[in-house]
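Student: Using the sequences provided together with the hints, build the complete structure.
Residue numbers (mature numbering (1 follows the signal peptide of the UniProt record, and there is no 0)): -25 to -1, 1 to 164.
It should be emphasised that the hints constitute simulated quantities derived from the structure, not laboratory data.
Worth double-checking, as some hints may not be accurate.
What the hints assert, rightly or not - The calculated SDA-like cross-link candidates involving lysine to any residue, where the alpha carbons are at most 25 Å apart (straight line), are: (1) 63 - 48; (2) 63 - 18; (3) 82 - 129; (4) 63 - 119; (5) 63 - 129; (6) 31 - 141; (7) 50 - 20; (8) 75 - 129; (9) 50 - 71; (10) 82 - 17; (11) 31 - 73; (12) 152 - 102; (13) 50 - 90; (14) 31 - 51; (15) 96 - 9; (16) 96 - 54; (17) 63 - 38; (18) 75 - 112; (19) 50 - 94; (20) 82 - 126; (21) 63 - 97; (22) 63 - 14; (23) 152 - 43; (24) 75 - 17; (25) 152 - 130; (26) 75 - 52; (27) 96 - 73; (28) 82 - 10; (29) 75 - 144; (30) 63 - 132; (31) 63 - 78; (32) 75 - 19; (33) 75 - 12; (34) 96 - 126.
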Amino acid sequence: MRPLRILAALAALASAMLIAPPANAATPSTTAGTHYEGEGDDLIRIRATTAPGIVKITHEGEGYFSVWTLNPAGKENDLLANQVGAYKGTAAFNTSSSNKTAAFSIKADGAWSLEVLPLTKSRAWSITTRGTGDDVIRLSSTSRGLHRLKIRHSGEGYFSVWTLDANGRTHDLVANKVWASPRNVEISP
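Tutor: Printed below as a string of structure tokens:
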């Protein structure tokens, strides 16, 4: 009877070893991004989501380029990129609680790439930051109370800054100008 118990225990142990992944096996990350690339016009379908996120976008063409999010009915929601020529930037999507993204619509004359990531993967900003082009920057800690933000834009085109709340939803438009001079704006909680 004793050899039978040992054999049963060994069989159970072998079964567990065959079914269970190794202790050091990589597990899929829920915060990992999804990468898409192509050339020319395309429609990228995704699992419909209302969660806010970011998209890192590049385009190597010379003509018109745009990226829209589409809702499950195929209607345009968020315009993420709108450029003639080459483009490199990061944009937020689903920042309105009424938005639900089911696809990305790309209009392009050249090679493009999209990397879809959770909002938490946006570039961190603690005190000062610099950048060029479209970007999404998150505070490294939650902001409480009224703060003053000094913004300097040296470009010649349109410039805007939106704040998002702790849930990633649109809160306030604090800059919406075509200007190239320093400004101070207030950010409310």
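Student: Take the hints in turn and mark each one as holding or not.
Tutor: Okay, the hints, checked on the actual structure:
1. A C-alpha spacing of about 28 Å is found between residue 63 and residue 48, which places the hinted pair above 25 Å, so the restraint is violated.
2. Between residue 63 and residue 18 the CA atoms are separated by roughly 19 Å; this keeps the pair inside 25 Å, and the hint holds.
3. About 29 Å separates the Cα atoms of residue 82 and residue 129, which puts this hinted pair outside 25 Å; it is violated.
4. With a C-alpha separation of about 32 Å, the suggested pair residue 63 and residue 119 falls outside the 25 Å cut-off, and the hint is violated.
5. Between residue 63 and residue 129, the direct Cα distance comes to roughly 18 Å. Compliance with the 25 Å bound is thereby established for this hinted pair.
6. In summary, the hint linking residue 31 to residue 141 is supported, as the alpha carbons are separated by about 21 Å, within the 25 Å threshold.
7. Between residue 50 and residue 20 the alpha-carbon distance is near 13 Å, which keeps this suggested pair within the 25 Å criterion.
8. Distance restraint check for residue 75 and residue 129: the Cα-Cα separation of roughly 35 Å exceeds the 25 Å cut-off, and the hinted pair is therefore not satisfied.
9. About 15 Å separates the Cα atoms of residue 50 and residue 71, which keeps this hinted pair within 25 Å; it holds.
10. Proximity of residue 82 to residue 17 is assessed by CA-CA distance (about 7 Å); at most 25 Å being required, the pair is judged to hold.
11. A hinted pair counts as satisfied when its Cα atoms are at most 25 Å apart, and residue 31 with residue 73 qualifies at roughly 22 Å.
12. A hinted pair counts as satisfied when its Cα atoms are at most 25 Å apart, and residue 152 with residue 102 qualifies at roughly 23 Å.
13. A hinted pair counts as satisfied when its Cα atoms are at most 25 Å apart, and residue 50 with residue 90 qualifies at roughly 21 Å.
14. With a CA separation close to 19 Å, the supplied pair residue 31 and residue 51 stays within the 25 Å bound.
15. Taking the CA atoms of residue 96 and residue 9, the gap is near 12 Å; set against the 25 Å cutoff, the hint holds.
16. Restraint check for residue 96 and residue 54: satisfied, since their Cα atoms lie roughly 20 Å apart, inside the 25 Å limit.
17. About 14 Å separates the Cα atoms of residue 63 and residue 38, which keeps this hinted pair within 25 Å; it holds.
18. Restraint check for residue 75 and residue 112: satisfied, since their Cα atoms lie roughly 22 Å apart, inside the 25 Å limit.
19. Distance check on the hinted pair: residue 50 and residue 94 sit about 23 Å apart at the alpha-carbon level, within 25 Å; holds.
20. With a CA separation close to 32 Å, the supplied pair residue 82 and residue 126 exceeds the 25 Å bound.
21. As the CA atoms of residue 63 and residue 97 are separated by approximately 15 Å, the hinted pair is consistent with the 25 Å bound.
22. For the hint pairing residue 63 with residue 14, the CA-to-CA distance comes to about 15 Å; that is within 25 Å, so the pair holds.
23. The hinted pair formed by residue 152 and residue 43 meets the criterion: a straight-line CA distance of about 23 Å does not exceed 25 Å.
24. Distance check on the hinted pair: residue 75 and residue 17 sit about 19 Å apart at the alpha-carbon level, within 25 Å; holds.
25. Between residue 152 and residue 130 the CA atoms are separated by roughly 11 Å; this keeps the pair inside 25 Å, and the hint holds.
26. Restraint check for residue 75 and residue 52: the C-alpha separation of about 8 Å stays at or below 25 Å, so the hint holds.
27. Annotation: proposed proximity of residue 96 to residue 73 holds, straight-line Cα distance about 22 Å (limit 25 Å).
28. Restraint check: the Cα-Cα separation between residue 82 and residue 10 comes to about 17 Å, which is no more than 25 Å; the hinted pair holds.
29. A hinted pair counts as satisfied when its Cα atoms are at most 25 Å apart, and residue 75 with residue 144 qualifies at roughly 13 Å.
30. This hinted pair checks out: residue 63 and residue 132 have alpha carbons roughly 16 Å apart, not beyond 25 Å.
31. Straight-line distance between C-alpha atoms of residue 63 and residue 78 comes to about 20 Å, which keeps the hinted pair within the 25 Å bound.
32. A distance of roughly 15 Å separates the Cα atoms of residue 75 and residue 19; the hinted pair therefore holds under the 25 Å criterion.
33. At most 25 Å may separate the alpha-carbon atoms for a hinted pair to count; residue 75 and residue 12 meet this at roughly 22 Å.
34. Annotation: proposed proximity of residue 96 to residue 126 holds, straight-line Cα distance about 23 Å (limit 25 Å).
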